[in-house]
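Q: So you can see what is in the structure, the chains are spelled out below.
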Amino acid sequence: MATHSENQYFVPHGSIYPSILSAGLLSMASGFIFSVATDRGGKSLAYLEGPGHWMMYFGLAVVVFMMFKWLGTVITESMTGKYKSWEDKSFRWGMVVFIASEVAFFSAFFGALFYMRVLSVPDLASYAPDITPYKDFLAVWPSQGPGGHVLGAEYTPNPAFKPMHWSGLPLINTILLLTSGATITWAHWGLIKNNRTQLIIGMFLTVALGIAFLICQGMEYHHAYTEMGLTLGSGAYGATFFMLTGFHGFHVTIGTIMLIVILLRCMKGHFTPEHHFGFEGVAWYWHFVDVVWLGLFIFVYML
Amino acid sequence: MQVFKKIGVGLAALLASLNVYADYSWNFPEPVTPMALDTLHVHNKFMIITAIIFFAVLAIMIYSIFAHRKSKGYKAVADKAPSTAVEIFWTLIPFAILLLIDFVIMGIPAYHSVVMMEDTRDQSNMVIKITGSQWRWQYEYLDGDAKGIKFVSNLVTTDDQLHNKAEKGEHYLLEVDNPLVLPVGEKVRILMTASDVLHNWWVPQFGSSRVAVPGFIRETWVQVEKAGTYRGQCKELCGKGHGYMPVVVNAVPMEEYKVWVAKKQEEQKAASEVKEMTKEDLVAQGKTVYEKNCAVCHQVTGAGLPPAFPALTGSKIATGPIFGADGKYLKDSHLDRLLNGKGVMPAWKATLNDTEIAAVITYERQALGNAATVDPIVQPTQVKAARE
Amino acid sequence: MSTTTVAHHEEHSDHPTGIMRWLTTTNHKDIGTMYLTFSLIMFLVGGSMILGIRAELFKPGLQLMNPDFFNQLIGVHALIMIFAALMPAATGFANWMIPLQIGAPDMALPRLNNWGFWLLPPSAILLTLPFTLALFGIGDGALATGWTFYPPLSVQGGIGVDFAIFAVHLLGISSVMGSINIIVTLFNMRAPGMTLMKMPMFAWGWLITAFLLVATIPVLAGAVTMLLTDRHFGTHFFDAAGGGDPIMFQHLFWFFGHPEVYILLLPVWGFIPQILQTFSRKPMYGYKAQVYSLWAIGALAVVVWAHHFFTAGMPVPALLYFMYSTMAISLPLAVLFFCWIKTMWKGSMTFETPMLFAVGWIILFGIGGLTGLVLADVAADAQYHNSYFVVAHFHYTLFAGGIMGIMAGVYYWLPKMTGHMYNEKLGKLHFWLTAISFNVTFIPQFFVGLAGMPRRIPDYALQFAEFNMISTIGAFILGLSQLLFVYNIISCARGGQKATDKVWEGAEGLEWTLPSPPPYHSFNEQPVIK
Ligand code: HEA
Ligand code: HEA
Ligand code: CUA
Ligand SMILES: [Cu+2]
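Protein chains in written order, with my numbering: chain D, 1 to 303; chain V, 1 to 388; chain F, 1 to 530.
Just to be clear, a hint being listed does not mean it is correct.
Claimed, not checked - Below, computed lysine-lysine pairings styled on BS3-like, alpha-carbon distance capped at 30 angstroms:
#1 F/Lys346 <-> V/Lys72
#2 V/Lys349 <-> D/Lys135
#3 V/Lys75 <-> F/Lys346
#4 F/Lys346 <-> V/Lys70
#5 D/Lys135 <-> V/Lys331
#6 F/Lys288 <-> V/Lys70
#7 V/Lys72 <-> F/Lys425
#8 V/Lys129 <-> V/Lys292
#9 F/Lys59 <-> V/Lys75
#10 V/Lys342 <-> D/Lys135
#11 F/Lys342 <-> V/Lys70
#12 F/Lys498 <-> V/Lys70
#13 V/Lys292 <-> F/Lys59
Simulated from the structure, these hints should not be mistaken for lab results.
Put together the whole structure using the sequences plus the hints.
A: As structure tokens, then:
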């Protein structure tokens, strides 16, 4: 076993942040529900919309604020040397398991994509014309579905619909993200070699590439909505396309924010070659986001 | 250990009752199709095997509980680590037995039943289509003499009976106005679909049950071998009327079936002719249609159950204009709502015929406390035109 | 025994008191206590709801409630019992006992641990709030789709569905955070010398549970997110008109839902053998075999999900695959049963309340498991599916296998946790009343199910009347018996005969080396296992 002082596990004192964070989430969730209540509850619930918005934004503010306070405490603890290699190992395991759960989350949406593409769309097109409402529907992918009437809502596929082609913005985005994976690794090498310039330049480039990716994705979405007739409501293709790339983009956003925090911390000289879990955790997360993108690029855009 | 005995007796009763020869109300009801017979056999076999396992294990446990207790002065005997050979033997033998039970004794008959159950097309002599909707079944005959016959089957148990205000009949909750009629001995291929949410068409004595999925078509089959009336229920939670969606099937000999088909064709032809009707006739017919189809949600009085189900009394839609200046019906008008539905409100265009729709609209506009002045009545011809 | 100093606790002296202690605590025992208390309260709430259902089903006809409210009660009953009673109870034990059993100073990530708990009350609020809102005319109550959320019914439903979706999200975050904590604790905080294969069985059960949670809860979160976007943002995941499929939801749901049933029971399969060995005064039999079986169950759990919708229509090869793989789960479970019974065999048994519950548990869970095996048969499942036979099956597994297992654990560890002995007489009475009335409640449901009574119906045909009446009477006795349990726990927490450190004559394990109750910071010296 290690030395005596290495063997003291740090148990932090009580903290109010987690419970307030949960209350914030409660407010955010119920606020959201109230603000969309008219969708299903009829006009009679329209008066909930206003208060709902307030609750939602208030909750969001609480959540963001608490996250900053909480993580701030963690950073302070880290800087005052409370975490030794034993705690460090806990954080590493924790991050690995957390990323595993994120993988499971994305696999639900990939599962939906494969299911629709391989099973439900071909099924819908396979019935004899005299017994199905979808006589002229063909099983081709990308598909917007046959169109029709479910639960009293009419849905007509957009005839002007075009799927997103992989060779334009998506390809640029792939290159951006892959490069950013390289730059963050380069920055990590700098950190290990205690080469601060390399570290900060590397981190700066990574952040810049992340932001560039988000800008490109914004342009892509804009293009899809305005010129391609490709929206969230474009049947099977639209739903999987936007949910997969959207959740990915959301993760990139979170990742970029974390990268910015790490960049600032690097500039303040927070990390040492031996002790920099904060940096590594974010780097792992960034690589995970990268890998998900590769999956998206292949299965959503290319195939 | 009184209670172990009690449980034992209870379970013995369970086992006995699961016997093929026992009273069927403790077990599957009497099977009347090859499928149901097969599943009953598989079920009985499974039950007996699992009961044997259960009682064998239980016996060992009970013996141990009585023999190896401290109060009797029994001293714990440590388990000796067995030699590897013995250990392998004792692992493999039970595994072999279990594999045999799972995949041979139980697995093989199950395999055959599954294959039989899914074989819907082989030698099937007729095809019907069943559509589930909230909360009624709709039947359509797709081939042969009966081609084109199409009707809706509604629960007829009255509101008073439901609320314990009237004597309940023998077939309480399992009675409908138009049962499905099938010939005895024919293999009938059934296509299943739904118009709103999931439903599940199930008659226990047929051993077939299939989920009805809106937009998709699922298949099953029945071949009733004994004339009679068979009753079942919708088996997939489908909203507040889920408990009120019975299935009733009349299995009749072929000759009788032919007679029924001829009569039904006749009736249907008569009903599909549209003619101008008087307001009184429309309201009178509308009342029956309304109480059968609409009162579940909008209530007999038209008061609805707000906020889920709007009141029709005083409703803007039920008293407002229907037809625009060009003679076409307006969006979100009374007729539009009936034909196409909205949200929870079903679309009726596939379920009700022109006369029925005209009648029920007129009824809603002129009764239930309403007296519409714009477009006071709607004629079947107008509905017919609106459909095109 | 050589020791190393381990815990470095900040500010030893000033623990906040009152509500602030509980809101802010990072102590694994405090958090465990909160989980267990929450679980008990929610068990009573969920039970009261179902007593409403049983009362309505007492006789044919509609007596007490309209069908819509009936549907709301079933769904909320199930969600509360599973997510807010059974899972938190197991997590509560994990918090209390895992650090004690593996000789750790605390859980590895204490603040995260606190968050894991404090996500639960908001979720419980989200689940039940719609009932209250409906009283004020806002919306039409809680979700009325059953706990399975099947679309399109759940797309059609009112705001209750949205509330339930977000409740599931928060519960999911809570479970994932709890799992992260447990996995990290087990990997990183074991006492020196405690190899994985020396871990107590309870820790093993929880490790596999945590893996299952991490792998499946996010899939459920994804599924309900799709439901939310279908409801409000115009996507077509579950709508044929857009190329989607309602059955796809069932695949996603049960990909989570089936592992979920083992998530609920794996911790129980962990501590039951510990109880058996304690009261048989003899080491547990087949430790390794049990560990491997738990792994096998964990692995099989994620590949059998479609047995919950055999009647939804699948190609024959798929049906056969799901049937046979489901049946395969009986193999590792038989190994477990064998080991449990062999642990008792030739022991020197006494029957204190925990042992009574453990033995009764084996028998009743046996019935649940064996009927599960029968359900796996595709052909006969056409008959069983969504009938009361299934309801009976899963109460034998969930109530007998889950709740009664938890009760065994409560009686086993309560003296350790509170430092007082509970009332043994009352405990035994509680066991007998529970075991008997449980059977009175659910045996009749097997029969009505076989005879053709569908589940989730507010009213039934006359032929089912007698059995339903018996079942309702049983349910009320069952419910009232639980008041004994509550009373026993409260009085034990408040005082009573002092418990010794070891509590039970045959108890083995690190938790029994500490005083009862253990000090606020348990292992300041980490024990070394040889
Ligand atoms: C903790 C909960 C739990 C557990 C452990 C199980 C265990 C099993 N379940 Fe169950 N199940 C549920 C909870 C659970 N189930 C729930 C909640 C539902 C319904 C959900 C809903 O629709 O709402 C359900 C539904 C359900 C279905 C779907 C039925 C339908 O809707 O049509 C099926 C089908 O295969 C099934 C099978 C099984 C099998 C094969 C096991 C196996 O794991 C069982 C293995 C165990 C054994 C085989 C016992 C072995 C024992 C011995 C060999 C010795 C015997 C000893 C003695 C008796 C003393 N279950
Ligand atoms: C862990 C899970 C769990 C547990 C413990 C229980 C416990 C019980 N369940 Fe539950 N049940 C489910 C999980 C569970 N159930 C699930 C998953 C479903 C499916 C839902 C669906 O279809 O979607 C279901 C459905 C279900 C049905 C079917 C409803 C239907 O399909 O129409 C029935 C019917 O009898 C039932 C009965 C009971 C009973 C009598 C108990 C009893 O064991 C309860 C005993 C406890 C009490 C009665 C509480 C005692 C407390 C008091 C009496 C004091 C009250 C006072 C205060 C609160 C101040 N349950
Ligand atoms: Cu239709 Cu239940
Ligand atoms: Cu299952």
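Q: Decide, hint by hint, whether the structure agrees.
A: Checked hints:
Annotation: proposed proximity of F/Lys346 to V/Lys72 holds, straight-line Cα distance about 12 angstroms (limit 30 angstroms). For the hint pairing V/Lys349 with D/Lys135, the CA-to-CA distance comes to about 19 angstroms; that is within 30 angstroms, so the pair holds. A hinted pair counts as satisfied when its Cα atoms are at most 30 angstroms apart, and V/Lys75 with F/Lys346 qualifies at roughly 8 angstroms. The suggested pairing of F/Lys346 with V/Lys70 holds, with an alpha-carbon distance near 10 angstroms, which does not exceed 30 angstroms.
Restraint check for D/Lys135 and V/Lys331: satisfied, since their Cα atoms lie roughly 26 angstroms apart, inside the 30 angstroms limit. Annotation: proposed proximity of F/Lys288 to V/Lys70 holds, straight-line Cα distance about 27 angstroms (limit 30 angstroms). Pair hint V/Lys72 plus F/Lys425 holds up; C-alpha atoms about 21 angstroms apart against a cutoff of 30 angstroms. At most 30 angstroms may separate the alpha-carbon atoms for a hinted pair to count; V/Lys129 and V/Lys292 meet this at roughly 22 angstroms.
At roughly 53 angstroms between alpha-carbon atoms, F/Lys59 and V/Lys75 are farther apart than 30 angstroms, so this suggested pair is violated. For the suggested pair V/Lys342 and D/Lys135, the alpha carbons sit about 24 angstroms apart, so the restraint of at most 30 angstroms is met. A distance of roughly 17 angstroms separates the Cα atoms of F/Lys342 and V/Lys70; the hinted pair therefore holds under the 30 angstroms criterion. Among the hinted pairs, F/Lys498 with V/Lys70 is consistent with the structure: their alpha-carbon atoms are about 24 angstroms apart, no more than 30 angstroms.
With a C-alpha separation of about 26 angstroms, the suggested pair V/Lys292 and F/Lys59 falls inside the 30 angstroms cut-off, and the hint holds.
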